[in-house]
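> Whole structure, please, built from the sequences with the hints as guidance.
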Amino acid sequence: MQDLRQLSIAEARAALGARQASAAEIAAAYYAAIESYDPAIHAYLSLSRERALRQAERLDRMAAAGEPLPPLAGAALGIKDVIAVKGERATCASRILENYIAPYDATVIARLEAAGALFLGKLNCDEFAMGSSNENSAYGPVRNPHDRERVPGGSSGGSAAAVAARTALATLGSDTGGSIRQPASFCGVVGLMPTYGRVSRYGLTAFGSSLDRIGPLARSVTDAAAILQVMAGADARDATSSKRPVPDYTGELAAARRQAGSRPLAGVRMGIVRESWREGLDREVEAAVKQALARFESLGCQTVEVSLPRLDAAIAIYYIIATAEASSNLARYDGVRYGYREPHAATLGEMYRRTRSGGFGPEVKRRILLGTYVLSAGYYDAYYRKAQQARTLLAQDFAAALAECDVLALPTSPTPAFRLGEKTGDPLAMYLADIYTVPASLAGLPGISLPCGKAQGLPVGLQLVGRHFEESLLLRLGQAFEQAGAAE
Amino acid sequence: MQIEAEEVLRIAELANLELAPEEVEAMRRDLGKILEYIALLDRLPTAGVEPMSHATAGEAGGGGNRGGDGADHGEASALRADEAAPGLGAAAALANAPLAGDACFKVPLVIERG
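Protein sequences, first through last, are from chains A and B. Going by my numbering, the letters in the first sequence line up with residues 1 to 488, in that order. Going by my numbering, the letters in the second sequence line up with residues 1 to 114, in that order.
Calculated from the structure, these hints are not laboratory results. For each residue, glycine too, the CB sits at the ideal point set by N, CA and C. Just to be clear, a hint being listed does not mean it is correct.
[Said to hold, decoys possible] Below, a list of computed lysine-lysine pairs in the BS3-like style, where the Cα atoms sit at most 27 Å apart: (1) B:Lys106 x A:Lys86; (2) A:Lys290 x A:Lys86; (3) A:Lys423 x B:Lys106; (4) A:Lys454 x A:Lys423; (5) A:Lys454 x A:Lys290.
[Claimed, not checked] If you want the footprint, here are the derived chain A segments under chain B, 3+ residues with CB under 8 Å: (6) 18 to 27; (7) 318 to 330; (8) 338 to 345; (9) 353 to 362; (10) 370 to 383; (11) 386 to 399.
Right, dumping it as C-alpha cells:
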C-alpha cells in the first residue's frame, strides 16, 4: 500500500472518496509515524486519539454512503498548544497550565472539524508563544528534523517540525512577531500569517492581542490555502474578525494552475526592500533569497526597489507593544480559576505571587516585567505611547512601499536554524533576529514564508508580504514559485 | 540603561511576581540591556503622530476607528448587541478550578487579620 503520509490535502480527500484509503487508516499512519519519529523531535505535547478516531469514523461513514466529502476530509492536522480543542489539554507549553483542559473549541477548530479535518494532537511551542527557538517550552525543546542539534525556530516550533518530519499533514500555528513564518523558514515548510482580522482568534490564548494571528504551516502553498479557506471569515465571538467576504483561494489557485504559461506572474510588481541587505544577514541566506528573486523575475514578475525607512525601529516598537499587551493578558493566570496553584499560601496575595512565580518560566517573566515597566506610571508616554506612534509611522512606510508595488519580498530570517543553546544567554540577540518578521506583524499585513533553498545545508525561507486582505496574491505567487522550483 | 534592583522589585510587585535574589539580578541585567536598545526610539520624531492602537482593517498608520481604506466598515468598532447569550455554564467554568465548591471558586484568606 502507498504511504498515506505522502498524500496532499486534495489527494487525501480523493483517496477517501475513491475508497482507496479510509480516514482511520490515514490517522493510524500518522500515529505510527509519531510513535517512530516524535521521540527524537518532541513536536507533540499530547495526542487526541479519541477525537481523531471519532472524526475518522464520521468521514468513513460518509464515504461508505457515497456522500460528498467536505474539503479537508482526511487532512490529519496537528494543533499548536495555544489553541483550544475541547476536552484536550491546552498547556501553552507552560507549567501554569499543565492540567488545563480546554472547555470549548476555538472557532478555527470547530470550522476545521466541520470541514473534515482530523486532529492528531497538540504541538509544542515556546511558553505562551514567547520565543524564537522553542527553547522556552516548559516541557523541553523541539528539535529541527533537518538537524537535531538545531532549533526548529519559534514560537510555533512543534508546528513546523511536525510538518517537516511528516508527523502531520499540516498544522496550525500562531504568529505574533514571526512565530509561524520563522519556524517555517527554519524547517523548510510553508508558513502563512493571514491579515490581522482575517481569521478569528476566539480560542487562541492571548499574548499580544493587537498582533496575534492563527495560520497554517504546510508542505505546499495549495495545502496552506485549503486550510485558510476553511478558517477565514467573520466570527461573532471575535470582535476584531473582519466581515469582508472571503475570496475563493483554492479556486483561484486551481485556475492559476490551469492557465500557467511560461510567465504566469507577468504584470506583478514585486518590491525588494532595500533595508533587507543589512549587517547580520547570513551570506548564504542572502544568496538563496536573491536566487529566489531571480526565479520570480523569470516567472514574469517585475522587481522594483522599495524602502521601509523606519525598519530599524521595528524591534523596539514590538518589544514595547507586545510585552505591554502580554503583561495585561497574562494577569489572568493567578491560580484562582484554572491552572496551577501554589498550595502553601496563607493569603490570597501570597497565592497570586507564588503561583505566578512558580508557574511562569524566565522568558515569560521577563516579558511581563518589561510590559509592566513600560505601562507603569511615569513611563507610559515615553514608552507605550511613543511605540504606538512609531507603529503608525512603520505602517505608513508599508503603505507607501505597497503603493509602488503589489507585494514585498524579503528574507524571513537573517540566518538558518541555529544550535540549541546558542542564543539562550542573550535575550536581546534573540529578539533582534526577528527583524524581518516583526514589521508585517506590527502593520497587520499578511505574510508567507516559502522554502527557497539552503544555507549551510539548512532550509532558508523567502518572505512575501502583501497588502491587507490580499492573501490571494501571496498564494498565487507562492504556488507559481513552488511549481517552478519543482520543475527545476 | 542602568536599572536598579529596587526598580525591578517594584515592577515585580506590580506584576504579582516574587523574584529570587538571583532572578532580580538577571532581570536587572536583561531589562537594562533591552531598555537601552529600545531607547533608539528617542531619535525617531513622532510629534503629532496619531498612536496606532489596533491593527484592525487596512488603515495604514492605524489610529482612529475607521476601517482600512478610510471608509467605515464598522470593523474597528464592532460591538455586538447588548443581549444575553448562553455562556459556558457553571460546571464547565469550574471544571478547571484548583479549588471550587458551592458553584464558586475558592481561594485562601482574602482579608489578612490585622
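> None of the hints should be skipped; say for each whether it holds.
The hints, checked one at a time:
1. For the given pair, lysine 106 of chain B sits about 24 Å from lysine 86 of chain A by alpha-carbon distance, which is consistent with the 27 Å threshold.
2. About 45 Å separates the Cα atoms of lysine 290 of chain A and lysine 86 of chain A, which puts this hinted pair outside 27 Å; it is violated.
3. Our distance criterion of 27 Å between C-alpha atoms is broken by lysine 423 of chain A and lysine 106 of chain B, whose separation comes to about 42 Å.
4. Of the supplied pair hints, the one linking lysine 454 of chain A and lysine 423 of chain A holds, its CA atoms being roughly 21 Å apart against a limit of 27 Å.
5. This hinted pair checks out: lysine 454 of chain A and lysine 290 of chain A have alpha carbons roughly 12 Å apart, not beyond 27 Å.
6. Counting residues of the segment 18 to 27 of chain A whose C-beta lies closer than 8 Å to any C-beta of chain B gives 0; at least three are required, and the coverage claim is violated.
7. Only residues whose C-beta sits within less than 8 Å of a C-beta in chain B count toward coverage, and the segment 318 to 330 of chain A has 3 of them, enough to reach three; the restraint holds.
8. Residues of the segment 338 to 345 of chain A lying with their CB closer than 8 Å to a CB of chain B number 5, which satisfies the three-residue condition for coverage.
9. Counting residues of the segment 353 to 362 of chain A whose beta carbon lies closer than 8 Å to any beta carbon of chain B gives 6, which meets the minimum of three for the stated coverage.
10. Counting residues of the segment 370 to 383 of chain A whose beta carbon lies closer than 8 Å to any beta carbon of chain B gives 5, which meets the minimum of three for the stated coverage.
11. With 12 residues bearing a CB less than 8 Å from a CB of chain B, the segment 386 to 399 of chain A meets the requirement of three and the coverage assertion stands.
Figure legend: structure checked against the earlier numbered hints; hints not met, in rising order: 2, 3 and 6.
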